[in-house]
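Undergrad: Construct the entire structure; sequences and hints are all you get.
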Amino acid sequence: MSLILLLVAAALGGLGAGVRYLVDVAVAQVAGARFPWGVMLVNLTGSFALGVIVGALPGAAFVLGAGFLGGYTTFSTTMLDTVALWRDGERAASVANAMGMLLAGVLLAAAGLAIGAAL
Amino acid sequence: MSARTLLRRAMLVSAGGALGTGARLALGVIVPESAGIPLAVLIANVAGALLLGILASRLPGSSDARLFLGTGVLGGFTTYSALAVGATGLWMQTPALAAGYAVGSVVLGLAAAALGLRLGRRRVA
Chain A
1 MSLILLLVAA
11 ALGGLGAGVR
21 YLVDVAVAQV
31 AGARFPWGVM
41 LVNLTGSFAL
51 GVIVGALPGA
61 AFVLGAGFLG
71 GYTTFSTTML
81 DTVALWRDGE
91 RAASVANAMG
101 MLLAGVLLAA
111 AGLAIGAAL
Chain B
1 MSARTLLRRA
11 MLVSAGGALG
21 TGARLALGVI
31 VPESAGIPLA
41 VLIANVAGAL
51 LLGILASRLP
61 GSSDARLFLG
71 TGVLGGFTTY
81 SALAVGATGL
91 WMQTPALAAG
101 YAVGSVVLGL
111 AAAALGLRLG
121 RRRVA
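In the order they appear, the protein sequences are chains A and B. The numbering of the first sequence is the working numbering, which starts it at 1 and goes up by one. The numbering of the second sequence is the working numbering, which starts it at 1 and goes up by one.
FYI, nobody ran anything at the bench for these hints, they're computed from the structure. Some hints could be false.
Computed from the model, here is a short list of chain B residues facing chain A with C-beta under 7 Å [to be verified]: (1) L52; (2) G75; (3) T79; (4) T88; (5) G104; (6) V106.
The beta carbon of each residue, even a glycine, is placed where N, CA and C say it ideally should be.
TA: If you want it as structure tokens, here you go:
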């Protein structure tokens, strides 16, 4: 892989991270900050979109997938939010944020792959 | 929050996110897939969760430094989409390994975040 391609993908990852932040702020305004709905929305839409890209445009998977969608979605914040929810006594919300998101993310990724392959 | 503040913060997150994404992609070049498991993604995710735990116990939620390093750099370094798609791809070959990779990532990530929070609180002499 060329260095230029890596730099382009990294720049798009930055763009994705900026979009994630804006979505998170917007969702928190509507849904409140008790549960991390914003990051949930980002991670689920990103998992679906990556499935579609890998299925339909494997050649663009590095730049758009690993780059843009890799920066758009995040794992570290979800782990920290899950620990914080558990410590706040919000046990059901904590499990939903960890395992519910994982299950939904994998199912949406599979749906995205199937749709992408059919395109 | 004013539009100007929001835009400034989004740009701060983007700058960090580009660095984090670049580091994750570089790690992917160095560490290849192993037995179908995207090892680089696993390493980035668990290490990123540990570092975010440390950061979160040291820096308040909305400071510029936290936005740049946490939401930006570590948010971009770690990824959820590659975990979900990686696990799905692996499922078609070896379902047990796929389940182990997906659940293992989350279990290790949670342990790493909790450890990071604890390490961050410890006073350094």
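Undergrad: Output the indices of the hints that this structure fails to meet, ascending.
TA: 5
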